[in-house]
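*Asks:* Could you put together the complete structure from these sequences and hints?
Going down the list, the sequences are from chains A and B. Take any residue in the first sequence, note its place counting from 1, add 73, and you have its number in this note's numbering. Take any residue in the second sequence, note its place counting from 1, add 4, and you have its number in this note's numbering.
Everything labelled a hint here was simulated from the structure, so no lab data went into it. Because the structure is a prediction, the values reported are computed rather than measured. Take the hints with a grain of salt, since some may be wrong.
Stated by the list, open to error - Coverage of chain B stretches by chain A, computed from C-beta distances (three or more under 8 angstroms per stretch; other residues unrestricted): (1) 116-128; (2) 170-176; (3) 234-242.
What the hints assert, rightly or not - One side only, chain B facing chain A, incomplete, derived with CB under 7 angstroms: (4) TYR245; (5) GLU252; (6) GLN255; (7) TYR256.
What the hints assert, rightly or not - With a cut-off of at most 30 angstroms between alpha-carbon atoms, the simulated DSS-like pairs for lysine-lysine come out as follows: (8) A:LYS461 - A:LYS311; (9) A:LYS463 - A:LYS330; (10) A:LYS166 - A:LYS214; (11) B:LYS136 - A:LYS81; (12) A:LYS314 - A:LYS218; (13) B:LYS300 - A:LYS81; (14) B:LYS137 - A:LYS81; (15) B:LYS137 - B:LYS300; (16) A:LYS179 - A:LYS299; (17) A:LYS188 - A:LYS299; (18) B:LYS208 - B:LYS68; (19) B:LYS215 - A:LYS188.
A virtual CB, placed ideally from N, CA and C, is assigned to each residue, including glycine.
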Amino acid sequence: MTKQLIKKWATILIIGFLVLLAIETINMPGQNSVRAICTGLSIDYEDLEYSVSAQIIIPEAGGEYSQKTVIVNNKAQSIEEALHNMEFQIGKKIRLGHCGFIILSKDFCENNITKELDYFLRGNNLGNNTLLLYTDLKAQKVLEKTSNINSNEVDNLQITSKYNQQHLLSKSSSLMSFFNDYLSPHKTSCMPNITLEEEAEKKNSSNSQSGAGEKNNSEPTKDSIKNDGSMAVFVNGKCSKVLSPSECENFQWFDPKLTETRLKIENINNDKIKNGTISFTLSHRCINFEYKVLHNQPIITINYNLGLKPESITSESHIVPTYSSFVDDVVTNLVSNKINQAVSNALSLMQQYEMDLFNFYHQFNLNCHSNWQEYLSNLLPIEHYLDKIKIITNVYCSDEF
Amino acid sequence: MTELTSKQYICIVVFIFFTSKLVTMPSLVFSTANNDAIISVLINTLIELITISLCTLVIIRNPKTTLFDILKRKIGILAYLVIGLLIIFLLARILYCFQELYSFFLETLYDDLNPYIFIFSALCVCLFFAFKKATVIGRTCEILLWFILIGTVLSLLSNLEYASFTQNMPYLENGLSPTLSGCKDAMFLFGTPTCLLLLTGKVKPNHHLFKNTLVVTSICVVFCVVACFIFYATFGNSMQYVLFSLSEYSQYDPYILELQRLIWMSAVIDISKLFCSTCCLMYLLKAALVDSFRFKSLVLPLLTMSAVIIIVGILTRFDTIFWFDLTKSYLSYFTIALILICQIICLVLSIRRKDDKTIN
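*Replies:* Here is the structure:
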């Protein structure tokens, strides 16, 4: 009897709860009417205030992508405050779950940005895979351009950044990897530097003759984001150097993870080619590092085993057959010299800006712990540990068809 | 008495083993042990392996008697103390699982979730399994196991390219202290197998049960350590910001944002795993109450336990920081004591005597 009574009451309680739930659900406003979906953010630092802009999607049936997004801007003493004020501006809660990227301006990156970005890692639904992008321009302007294009620019930004990662520098530029690098002993991270196509065109026109410049100005400008392969390097959380595409290419010789790279060798003079130039694709690219500290001198020996596949050949001599060997002592020497030069340039840049992009600190600590600690103990300040590093390269080349 | 088959028992062991393992555990251990976290995980999982082996031995040796009956015969009224400790541990563990589930829902699916609605719905599911026979939870675990296993492996392989397996080396750079602290702080999450003792008398053991359990648990230990190794190698020093290891790991690559399938899959896997484990724990709680206090009806004791869970859950608001602090302090010491007690009991009970007629 008691059991049946309890069962009956339990059923009534469950049904009652479900009815209450149903009433509450019916009375609730739609999610879209109380929440704004943010797909991208930009952060500028102007007049001692943070200027935060959010790209917000207004869901509506049909229409083009550009019609559905609006840019909302607010200035405040902190990012959190700016986003909070923005909610009053649009009358909705801003939710960052779908935020694909954050564009950071040059002014903002002049100080340690980790203190500000820390906000995004603490329970505000922003995914830790959010892409971080650097720009020399005003970040809000770049964000506005992403909204004007009739395509999903979030995807384009991700695709171009992925290409950089596969072919230029295999460093992820997500929010989480940025913090991982910052919390490591080397404290060096990087992110793609993006600019706008029209800005690039203006620069070209200013460099060229005035007549040509007028002609360019009369043409309609392209509203698209330009990724030229340049990267912004952050040391201790602030932007230390923007690497040009050619400088980035020098760094690729430290990067064993890159899948496919190119190499152009000029002034080749051997049996087959006279004063020629060959562009190779490095389809096979094996790089081994050896770390040691000898007499308080850290030495990195890099062994390259490269498979060279010729892509284009220009030569003063007769046409070279397609399936013939191009790699001989002359080509190997030229390749070796080119790599040596690139490595040397990259190292001097790293030493100048104290940017340990390839985590040498950790590698030395791992491979020769006691010697490395001894080396560090003699250094003042410790941040200059890259200064005495010497690099030796050994290059082995083979044909790849 | 309802009997679980050996296969179902092994499935339950797997789910009990993986409760919280690929969710909050890696981050919790890393927050204390830093680069030595993987060694702490290895040590704790090995302790778990020993506990599971001993519990299985007891279950095999006593196929027809419940834990409480054996304990009462051996240690008298102190049996109530052991069962009481196990009930307190189970309640805390269920609450921790609910906290994980609640935080998980907030991080992934819901922007705002009423804790009352959550706890009521979650408890309904768990109580359903608690009221049912052991075979129901056993069969559910059997069905879900392969789906969860395959999904977890796929998720673990998704961002392997970003893992830098040397980034946490050299290990033990600061001596053994961080490793041991990591072991101690996370012990609460590694003590769940002690509750398997409550399945004594409910499993129909076959001749290979011990061997099979040992092999499967060893595979689980390797799997857990490898998974944690991948997490630590991928997230590195930012692991302290990662609350839900597997789900956040599958989101690590910013370039697959548009390919949301994997993210959804890992979210579903995490939820299923957590729910299934919590249901197992709820069933064990029921087993402890029924076997020891001989209640005529299950409704009142289970509703009382549910009320305790609801009150504590609502009072703590399922706050992650609160539970992390509690786990690292009181609950870790409590679990260490419980594991020691259970292992001693297991050793005593699993000793084969010449006059013992209940041997399988």
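*Asks:* Now, for every hint given, state plainly whether the structure supports it.
*Replies:* Taking the hints in turn, this is what the structure says about them:
With 3 residues bearing a CB less than 8 angstroms from a CB of chain A, the segment 116-128 of chain B meets the requirement of three and the coverage assertion stands. Check result for the segment 170-176 of chain B against chain A: holds, 4 residues qualifying (beta carbon to beta carbon below 8 angstroms, three or more required). A count of 4 residues in the segment 234-242 of chain B with a Cβ less than 8 angstroms from any Cβ of chain A is obtained; the coverage claim is therefore met, three being the minimum. This hint holds: B:TYR245 has a C-beta 5 angstroms from the nearest C-beta of chain A, less than the 7 angstroms allowed.
Hint status for B:GLU252: holds, given a least beta-carbon distance of 6 angstroms to chain A, under 7 angstroms. For the restraint placing B:GLN255 at the interface with chain A, the shortest Cβ-Cβ distance is roughly 5 angstroms, inside the 7 angstroms limit, so the hint holds. Interface hint at B:TYR256: satisfied, since its Cβ lies 6 angstroms from the closest Cβ of chain A, which is below the 7 angstroms cut-off. Distance hint between A:LYS461 and A:LYS311 is fulfilled; the C-alpha atoms sit about 24 angstroms from each other, no more than 30 angstroms.
This hinted pair checks out: A:LYS463 and A:LYS330 have alpha carbons roughly 22 angstroms apart, not beyond 30 angstroms. Restraint check for A:LYS166 and A:LYS214: the C-alpha separation of about 24 angstroms stays at or below 30 angstroms, so the hint holds. Only pairs whose Cα atoms come within 30 angstroms are accepted, and B:LYS136 paired with A:LYS81 is accepted, the gap being roughly 18 angstroms. A hinted pair counts as satisfied when its Cα atoms are at most 30 angstroms apart, and A:LYS314 with A:LYS218 qualifies at roughly 25 angstroms.
With a C-alpha separation of about 18 angstroms, the suggested pairing of B:LYS300 with A:LYS81 holds against the 30 angstroms cut-off. A C-alpha spacing of about 22 angstroms is found between B:LYS137 and A:LYS81, which places the hinted pair at or below 30 angstroms, so the restraint holds. A distance of roughly 16 angstroms separates the Cα atoms of B:LYS137 and B:LYS300; the hinted pair therefore holds under the 30 angstroms criterion. For the proposed pair A:LYS179 and A:LYS299, the alpha carbon gap of about 16 angstroms is at most 30 angstroms, so the pair holds.
A hinted pair counts as satisfied when its Cα atoms are at most 30 angstroms apart, and A:LYS188 with A:LYS299 qualifies at roughly 29 angstroms. Distance restraint check for B:LYS208 and B:LYS68: the Cα-Cα separation of roughly 9 angstroms lies within the 30 angstroms cut-off, and the hinted pair is therefore satisfied. In summary, the hint linking B:LYS215 to A:LYS188 is not supported, as the alpha carbons are separated by about 53 angstroms, beyond the 30 angstroms threshold.
Comparing the model with each earlier hint shows a violation of hint 19 alone; every other hint is respected.
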